[in-house]
Each structure stands twice: as C-alpha cells, then as structure tokens.
Amino acid sequence: MGLEIRTIAESEVAGWVQAMHTGFHRSQLISPEEVALSRPGYDLDRTRGAFDGDRCVGTFRSMARDLTVPGGGSVPASAVTNVTVTATHRRRGLATRMMAADLAAAKERGEAVSILIAAEYPIYGRYGFGPATWVTDWEIDVPRAALDSRHAGPDPADGTIELVTGAEVRAVGPALHERVRTTTAGAISRDSRWWDRATGALVLPSFGFQEPFFAVYRNAAGEVDGMAAYRVNDPHWPGKLPNADAEVVGHLAATPAAEAALWRHLLSLDWVVRLRTDHRPPDDILPLLLGDPRAARTEAYADFMWLRLLDIPAALSARGYAPVSADLVLDVGDPGGLAGGVFRLETAPGAEPRCTPAPGTAPDLTLDVATLARLYLGDESAARLAALGLLAEHRAGATTTLDHLFHTPRRPWCPEVF
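Numbering-wise (numbering that gives the first Met the number 0), the sequence shown opens with residue 0 and increments by one.
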C-alpha cells in the first residue's frame, strides 16, 4: 500500500546504505565517510530501493560479472547482492518486486544468468534460482595431519613461498585470479574494488580490516602460481602447550605444485594446532594431502552460489559437454516468464554445441528453470533430480544422456562471497 520500488538517486545513497545496514543488523552509526567510500561500488542503474514515502525500507543491487562455465568459456552474469527488507516491512512482497525488476533488467541487458549467495535456503527457489555450487569448510587437527610425502607435491626447490604485503598482492593477485577463474567452473570475475578491500587499500569504517598474512608461491621461473591469506589467533596455552588457531581467508592455486606447497606452509606454522579454511571446493584435494585424512573435519558442507537462467540458448551454447553426439529437446517451465520454452541442445565431438528454440517439438525431458540451473554447472545428477520428481523423462535414456553430457571432472566452485 503506497510502497514504491525504484532505482535510487544520488541524493538517496545515504538512506539506502542506512537501510542496508538495518536489514543486516549492522551498526546504525553510518558516517558520511562510510557513505562516500561505499558510493563508488554502486552502479545506481542497478541499485534498487523499496520506499515508504521518503524512507528506504528495502535494498537490492547487482553487479556485472563474468561467470566461468564448464569447458572454460564464460557467460555475462548479473551478481545480486545486498538484498534486505527492514523488519517493519516484511511480508509485503518487496523482495519479490525488487527481484522481478532486477531480473527483467538483467535479461534486457543481455546477461545470460543471474547469480547470488543465498543467506537462507528457502528464499530464492521461488524466483527460479537453483543451488549451482556447494562448498566445504574444514577444520584440521594439525598435530594429527602430517602432510603425506607421497602427495605433498614436487621438491620445494622447484618453488618458493614468501610472505608479502597487501600492496604486493594487489599488484600480482588479479592476474593469478584470472588464471584460476578461467579454468574453474563457477568462479566469477573480480573488479579492482574487490582487491582494494581484500588488501586493506580500502577500509569501510563499520567493517574494519584485520590485516592477514599473505603468502605467495613462485615457481622455479619466479612466476606467481599461488597465494594464500591467513590470520593466526594465539589464545591461552593450557599447561604451557601451544594452542593457536589459524584461519585461512583466501587460497588460490593455478598449479598442483602451488596448491600443495601453500597447504604445506599453512600446516607448518609454529604453535598452530587448528587450521580452519574458508569456503573450499566440495571435492577439494586438501584432506587427501594429509597423512591422516581424518584429521580434516567437515565444519560445514552447504549450498553456496545459486543461479537463475535468463537466456537458455546463450547459456547452454556457452558451456562445454562430454565429447559425444547428442540431440536433446528440453521443455523448460518458467513461472517468472523470463526464460521458459522448448529448446533443442545438439552436441558432437569437435563441434561447437548449439542450443536453439524448438517450439512445437516433442520434448525428451521436462523440467523447470530452477532444476536446469542446478544442472547447468555440472554439480547435480539428472537421475537424482528425476528420482525427486523434478525432471520428467519422455524418451527412454534421455536422463542418462543429459547426465553424461553435463558431467564435469571436478565439481564447480565459487571461491568468494559477493
């Protein structure tokens, strides 16, 4: 009743930031400095608010990103973030209206997918999103771990670990990340502002910044093949025994040698008895690098990045598939009216895959857009979804064909919250 959804004006940025902090239960003391530092990160054409009169009571914005898909290609993505509704205005459809406006605008811009990190599982399926990547957080009992010499990588003489400053990471990190991103399905591009915040070049007062240690791995030629960021908390030592915790807040490696060397470094820190990781790939090799993989305990295993298809022909044509000849017709339902229809997916060894609209063609499989999103990056089994009643087979063997086509050697991974 009288609530308005619209993009915000320059004069409304401070009120929007205040509403975002309110929605996320953050400090209400928003200084002009915080607003000024935050403002360059907002594209006002992609920043929406829900307004009750002049008061902002809901926030929503998106960012342009490139999403890596299986096969090493990428698609333009709308990365959704800062979605809040003030507690006094919940259950009035404000999030639904902001989402509908943003998805329509993303489709109009030609972005093939929309992506987000879901704070709560039940929220986004109703908008056509499906969980497309998962993550595992590990806690490692360091005294028990003992890197397995058979899997610890090449001789350390083949590369070196050095501790560097945030400024040095800012200089070499973007190129390394892009190397890793373009070979990691589910990873997204990072802008310069991301690196500024991660290295302390940009600090928002209400968030603060605790500088981590930055470790860089260089190969024998001196090239940066990996880096890690970590913090060490050294609490009381019971019985005068070491009792420190190390928290890994970033770990990127472009080669197996760099990956093993960085974990070797992190597991060799003096006094550290517990090593906690950030959001790692769901099929991470980390436990298998240990002499006793049981020393790695799963702290969390959960859905992470959710995906919503906006242009099915563009999205399915962009990714790679198993090198087999296949012709599948998919009937994709979309209650949101943005991407549904009947589509033919054709693949052949040595040929570019092709997905085209095929209205009126008898489908081999029927599924909705959220179910297809779960399959898109290769992280889900079509047979499992069929067993749940989320996918219907109309031609014998079509589900198996879909599974074979979409399967990836490694599970997709989105390394960061956005």
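Worth flagging that the hints you see were computed from the coordinates, not collected in a lab.
Ideal Cβ placement from N, Cα and C applies to all residues, glycine included.
Heads up, a few of these hints could be off.
Derived Cβ-Cβ restraints for the label pairs, each shown as a range [claimed, not checked]:
no., residue 1, residue 2, range
1, Arg125, Pro237, 38 to 44 angstroms
2, Ala299, Glu167, 27 to 33 angstroms
3, Thr355, Arg383, 25 to 31 angstroms
4, Ala99, Asp53, 21 to 27 angstroms
5, Phe206, Glu161, 24 to 30 angstroms
6, Glu9, Pro234, 44 to 50 angstroms
**Request:** List, from low to high, the hint numbers that the structure doesn't satisfy.
**Result:** Hint check: 1 fails alone, others pass.
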